[in-house]
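A.B. asks: So you can see what is in the structure, the chains are spelled out below.
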Amino acid sequence: MDEIVLMKNIKKRFPGVLANDGIDFYANKGEIVSLLGENGAGKTTLMKILYGLYTKDSGEIFIKGKKVEINSPKDAINLGIGMVHQHFTLVNPFTVTENIILGLSSNRFIINIETSKEKIKEYMKKYEIFVDPDAKISELSVGEKQKVEILKILYRDIDILILDEPTAVLTPQEVKELFKTLKILKEEGKTIIFISHKLYEVLEISDRIIVLRNGKVSGERDPKKTNRRELAALMVGKEVFDVISLTPSEQKDVILDLKEITALSYRGHIALKNINLNVKGGEIVGLAGVSGNGQKELEEIISGIRKPLKGKIFFKNIDITHTTPKERINLGIGRIPEDRMDLGLILDLPVFENLVVECYDKNPFSGKLFLNYPKIESYSKKLIEEFDIRTPNLIVKTKTLSGGNLQKCILARILSMNPEFILAAQPTRGLDVGATEFIHKKLLEVRDKGGGVLLISEDLDEILNLSDRILVIYNGEIMGELKRGELTREDIGLMMTGTKKEDLHATT
Amino acid sequence: MPLPKFRLEKRESVPNWFRMALPFIAIGISFIFSSIIILFAGKNPVTSIYSIFYGALGTRLGLMETLVKATPLILTGIAVSFAFTGKFWNIGAEGQLYAGALAATWAGISNFNIPSFLYIILLLVVGFIAGGLWALIPGYLKAKLKVDDVVTTLLMNYIILYLVTAILEGPWRDPVTMWPQSIMISPNAEFPKLLQKSRVHFGLIVGLLVVFLVYIIIKHTKLGFNIRAIGANPNASNFLGINVTKTIIITSLISGGIAGLAGVGEVAGLHYHLTENISPGYGYTGIVIAMLGGLNPIGVLFASFFFAIIITGAQYMSRATGVTSFIADVIQGITLLVLLAMLILYEYRIRRVE
Numbered sequence: 001m002d003e004i005v006l007m008k009n010i011k012k013r014f015p016g017v018l019a020n021d022g023i024d025f026y027a028n029k030g031e032i033v034s035l036l037g038e039n040g041a042g043k044t045t046l047m048k049i050l051y052g053l054y055t056k057d058s059g060e061i062f063i064k065g066k067k068v069e070i071n072s073p074k075d076a077i078n079l080g081i082g083m084v085h086q087h088f089t090l091v092n093p094f095t096v097t098e099n100i101i102l103g104l105s106s107n108r109f110i111i112n113i114e115t116s117k118e119k120i121k122e123y124m125k126k127y128e129i130f131v132d133p134d135a136k137i138s139e140l141s142v143g144e145k146q147k148v149e150i151l152k153i154l155y156r157d158i159d160i161l162i163l164d165e166p167t168a169v170l171t172p173q174e175v176k177e178l179f180k181t182l183k184i185l186k187e188e189g190k191t192i193i194f195i196s197h198k199l200y201e202v203l204e205i206s207d208r209i210i211v212l213r214n215g216k217v218s219g220e221r222d223p224k225k226t227n228r229r230e231l232a233a234l235m236v237g238k239e240v241f242d243v244i245s246l247t248p249s250e251q252k253d254v255i256l257d258l259k260e261i262t263a264l265s266y267r268g269h270i271a272l273k274n275i276n277l278n279v280k281g282g283e284i285v286g287l288a289g290v291s292g293n294g295q296k297e298l299e300e301i302i303s304g305i306r307k308p309l310k311g312k313i314f315f316k317n318i319d320i321t322h323t324t325p326k327e328r329i330n331l332g333i334g335r336i337p338e339d340r341m342d343l344g345l346i347l348d349l350p351v352f353e354n355l356v357v358e359c360y361d362k363n364p365f366s367g368k369l370f371l372n373y374p375k376i377e378s379y380s381k382k383l384i385e386e387f388d389i390r391t392p393n394l395i396v397k398t399k400t401l402s403g404g405n406l407q408k409c410i411l412a413r414i415l416s417m418n419p420e421f422i423l424a425a426q427p428t429r430g431l432d433v434g435a436t437e438f439i440h441k442k443l444l445e446v447r448d449k450g451g452g453v454l455l456i457s458e459d460l461d462e463i464l465n466l467s468d469r470i471l472v473i474y475n476g477e478i479m480g481e482l483k484r485g486e487l488t489r490e491d492i493g494l495m496m497t498g499t500k501k502e503d504l505h506a507t508t
Numbered sequence: 001m002p003l004p005k006f007r008l009e010k011r012e013s014v015p016n017w018f019r020m021a022l023p024f025i026a027i028g029i030s031f032i033f034s035s036i037i038i039l040f041a042g043k044n045p046v047t048s049i050y051s052i053f054y055g056a057l058g059t060r061l062g063l064m065e066t067l068v069k070a071t072p073l074i075l076t077g078i079a080v081s082f083a084f085t086g087k088f089w090n091i092g093a094e095g096q097l098y099a100g101a102l103a104a105t106w107a108g109i110s111n112f113n114i115p116s117f118l119y120i121i122l123l124l125v126v127g128f129i130a131g132g133l134w135a136l137i138p139g140y141l142k143a144k145l146k147v148d149d150v151v152t153t154l155l156m157n158y159i160i161l162y163l164v165t166a167i168l169e170g171p172w173r174d175p176v177t178m179w180p181q182s183i184m185i186s187p188n189a190e191f192p193k194l195l196q197k198s199r200v201h202f203g204l205i206v207g208l209l210v211v212f213l214v215y216i217i218i219k220h221t222k223l224g225f226n227i228r229a230i231g232a233n234p235n236a237s238n239f240l241g242i243n244v245t246k247t248i249i250i251t252s253l254i255s256g257g258i259a260g261l262a263g264v265g266e267v268a269g270l271h272y273h274l275t276e277n278i279s280p281g282y283g284y285t286g287i288v289i290a291m292l293g294g295l296n297p298i299g300v301l302f303a304s305f306f307f308a309i310i311i312t313g314a315q316y317m318s319r320a321t322g323v324t325s326f327i328a329d330v331i332q333g334i335t336l337l338v339l340l341a342m343l344i345l346y347e348y349r350i351r352r353v354e
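If you're matching them up, the sequences are chains A and B in order.
Residues in the first sequence are numbered consecutively from 1, following this note's numbering.
Residues in the second sequence are numbered consecutively from 1, following this note's numbering.
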């Protein structure tokens, strides 16, 4: 019996939801266990209980065979449990070394950075995780930041590592590196709990997979004896089909046309260089790329909240370069922003107001001064039904909804205004299989009805599945354009990391 | 037995009863702290606090004075609350009150030959405009240049206070008494009294009307929707097509205008002339009222009456028990501090750890 972690009959209730409904979970020494499940299945809650961030309502936890009460992350760390969160907890202006030793109880009034650095270097060698110990966090890539988080945990002599959706922010290359690291850690006898909803990854890395659904364990599988279809069924309770066959698109006129757009990032660097891009009616154009290569700025430029330095934007041959977001909405541009929590919705307003926040000022929702609440409410009710938005009522604050339902709110609001063009930035990031499928279906409907869609996504499968044409962006430049089915994932991966399309054959 | 351990845990949502109870808990705690101070003064806190309420509510005279004090407080409270709803941090209601009072005095001493009701409306209009313009300057600076509104609205208070002093010491000095105060306004411009043998005046009606109007604006108009949206998330509001710049400017104008009306009421309803200390800090108390009222117009109404009670009652208590009436300021200050500290409980709840 090597059960290093044993959780018995864990229950945790939040207002309105039973997040963990009697979950039994265990992990052995030196194994990688995956916790698989949709958003809201209870994976993160369970692990936050183990890490002492939430207090369980009932149930028992045993670590190394001993019954324990974990009331804070400090307790967890003392028991040898560490967690890497989706959102990193690093201090940007500090160096890697400083971040790793930050908060250690062995720190004295005077800290000897050099000794710590030597010790950190030993850890780096042992686990083959290399980051410049003198680099400032703000200079690091997302993948490197994650390495620092892992080093931070290892430095505290942790045996049990919890990784919450660690690959969500990584490039395919970085994922490979992470997996290599995880395998080394496993060989060193560490236990890894890997939270994810990505089937490919879970199958690749795990020794054992535990699937959660609606706060309960819906199955436990050996990755060698299962397949994606079965796991997906355990996750969502139904068969998921992920290969969409597109009807041939009817080529229409250009709707959105970006001409020689150059733009700065919020930090003042050149983020987009001479971008030429157009979207026609009846097509989905996918923009693939590793995040941070100008997608955010492109999204902002098309949304109307950032002005380009040079270049022009045309919408149906009208120059909209200097128009406001409102004017663009009124012209028929629907925008699904990457940051749905902080841009796409006003989380502190009730659900029904968010459903009309882009059109409340129009007939019949308001007159010259006053809002027509009965109209707004009946309209919102209709959208909630039509888009199957799960909310207890119309007036709860929008922030109480789950990620998938938040995105459905945005989609419902935009689609109900019948836009001719949709900018969809990372429309399914962090969403479960069901919600993702729903959103893909809706975007395809727009396309089939003759609208244009620009799909900005880091998820290559999503791009490959949905796009009629694919553009690859790297370092603020378009690396090339591909037709549907023209190239392989690997080719696009190369372009995403800086190879121009015409140079692809030279790299083999 | 070991002491029980507690910890803060993030809340998913705040129950409504808790939202309602929080101001009362804050008031209760501030009374406890105030009692300690009264004890230091060698007096009995129970009788002292009782005499505050008795003085403010127990006699007709007291009750009338409470209503008189509530009049400017309702207006400054709702002015601040309106601004805070749209994240315009208006700390300048005090100055806007003086701007309104200054303009109303100007109109009042100009002796226009117009009927009384028109004269009163004129006073209200010029007072609103003056207060509004005084707040518009920081509003515009915030909206267009992102200048910090807390700093500008606060500093604008000192500018107008010294301006009022300069005018009262100079051109407007009462030529008869030579006091630094204006001459009396035209009797035609005076607000009517509402109740016999009391100082309760028409300003109270103005206050209640404004509370009602603000409620309607916030809840039922497009402008109110914009203000609430910006208050909740200015970035998202901008992205979603709401004209943030314009809305902030309008918010500042209306908020300052309402605070200006408080000044009009003090001049035309109570003193009939302008003095340097026409407000003992009603604008600042308005901030406490807005917070205690939870930025809700009805809550603001209750909170203004509460502070009117404290201010009026403290004077009675001072005569009755000998505890200084400054205890009213202490209660105000502690209530705000306790309330601000307790606002964390909107986000977190206390859980006992076994």
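These aren't lab readings, by the way, just hints derived from the structure by calculation.
A quick note: this is a predicted structure, and the numbers were derived from the prediction, not measured.
Each hint should be verified, as a subset may be incorrect.
Straight-line C-alpha distance at most 27 Å; calculated DSSO-like pairs for lysine-lysine [as the list claims (entries may be wrong)]:
1) Lys382/A <-> Lys219/B
2) Lys197/B <-> Lys399/A
3) Lys10/B <-> Lys362/A
4) Lys246/B <-> Lys11/A
5) Lys307/A <-> Lys219/B
6) Lys219/B <-> Lys375/A
7) Lys180/A <-> Lys121/A
8) Lys186/A <-> Lys29/A
9) Lys252/A <-> Lys64/A
Simulated coverage check for chain B against chain A, where a stretch passes if three residues somewhere in it have a Cβ under 8 Å from a Cβ of chain A [said to hold, decoys possible]:
10) 18-26
11) 234-243
Just so it is clear, CB atoms sit at the ideal spot from N, CA and C, and this is done for glycine as well.
A.B. asks: Each hint: holds or not?
C.D. replies: We went through each hint and held it up to the structure:
1. Lys382/A <-> Lys219/B: Cα-Cα ~22 Å, so holds.
2. Lys197/B <-> Lys399/A: Outside the cut-off at roughly 54 Å; violated.
3. Lys10/B <-> Lys362/A: violated (38 Å)
4. Lys246/B <-> Lys11/A: It is violated: about 50 Å lies between the C-alpha atoms, which goes past 27 Å.
5. Lys307/A <-> Lys219/B: Not OK: Lys307/A and Lys219/B at ~34 Å, beyond 27 Å, violated.
6. Lys219/B <-> Lys375/A: holds (15 Å)
7. Lys180/A <-> Lys121/A: The given pair, whose Cα atoms are some 18 Å apart, holds under the 27 Å limit.
8. Lys186/A <-> Lys29/A: With a Cα-Cα distance of about 9 Å, the restraint between Lys186/A and Lys29/A holds, given a limit of 27 Å.
9. Lys252/A <-> Lys64/A: violated (65 Å)
10. 18-26: violated (count 0)
11. 234-243: holds (count 9)
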